Amino acid sequence: MAQDETPDARPRPATRPEHSEAYWQAMQYVILGLGALMVVALVLAVIVVLRIIPWS
Amino acid sequence: MSAISTLLPLASSILSFIYAAAVIKRYLSRPGHNHLLVWGIGLVMYGIGGACEAFTGAFGFNPIVLKIWYVFGAILVAAWLGQGTVFLLARERWVRVTTVLLVVASILATLAVIFAGVDPNYQAGAELTGKAFTTTWVRMLTPFFNIYGTVTLTGGALYSAWLFWRKRVLPNRMIGNILIAAGAMAPAFGGALNRFGLPGLYIGEFIGVFLMYIGFVQATATIAERSAAPVPAAE
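Protein chains in written order, with the working numbering: chain F, 1 to 56; chain B, 1 to 235.
Everything labelled a hint here was simulated from the structure, so no lab data went into it.
Quick caveat, the model's predicted, so the values are computed rather than measured.
Hints should not be assumed to be uniformly reliable.
[What the hints assert, rightly or not] Here are the simulated lysine to aspartate or glutamate pairs, EDC-like style, with alpha carbons at most 16 angstroms apart: (1) B:167 / F:21; (2) B:167 / F:18; (3) B:67 / B:119; (4) B:131 / B:119.
Kindly generate the complete structure, drawing on both the sequences and the hints.
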């Protein structure tokens with residue numbers, strides 16, 4: 001049908017779906033928070049390495 | 001041994017094998033997506049590690065089970081899961097170089113563990129640890145593999161989540177990657193606690209595989225709905 005070929009009838013890319021700007025803002029903090037946790041995990045791993053290396 | 005020392009790793013193991021089957025099935029339906037195969041290998045290692053922990057919880061300490069656990073569950077698993085992400089995100093040259101290095105390092109580490117001495121009278125605690133090794137230097141191998149695994153798996157998932165966030169697209173894939181990143185870190189923290197003689201490894205492993213599986217389901221469900229992904233990122 002011709003009506004189906006109008007831009008409105010075409011499937012849209014998933015840009016800015018139903019989520020609000022506050023949602024995206026919160027997700028930014030979640031991603032940054034996990035990044036910070038990853039740094040902590042790596043620091044812990046380095047401490048483990050330093051503990052097991054026989055220095056003397 | 002408490003029931004939790006058996007049931008928790010058993011649950012992790014079963015979930016890991018289910019997850020591995022889902023990932024490998026996806027690989028078979030998408031030939032050429034080699035990252036799925038590498039993730040599948042990593043998840044099988046995760047399952048083997050959990051099975052060894054459950055075996056020790058149920059039947060007591062066994063030096064051979066300790067060695068199998070140490071190779072797959074302590075040394076290789078994180079690095080191989082991370083290598084799957086390298087296959088997905090990195091340039092081909094880097095993929096080739098890192099894969100060769102990882103394969104060689106994995107073979108050497110496996111040989112080191114096979115020939116390492118183990119105290120046969122070791123009394124295992126609530127969780128398996130590498131303290132039973134009398135050849136103590138094999139324990140020095142683990143952190144290097146795990147640091148590589150944490151950087152590649154967690155870092156790769158967070159990088160992918162960040163790409164989706166920046167473009168404000170495919171929120172389910174973004175959430176999937178966030179869950180995979182969080183799940184990847186849980187065993188890393190559990191392993192660090194284990195190193196310091198504190199319990200936390202088994203629960204960390206269970207939370208880890210649970211979150212990663214939910215993340216995988218989220219991300220792949222999104223792909224089924226919207227096949228055209230505008231940016232390359234972890235599934």
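Status of the hints after comparison with the structure:
1. B:167 / F:21: holds, 13 angstroms
2. B:167 / F:18: Roughly 14 angstroms between the alpha carbons, so the hint for residue 167 of chain B and residue 18 of chain F holds.
3. B:67 / B:119: holds, 12 angstroms
4. B:131 / B:119: holds, 9 angstroms
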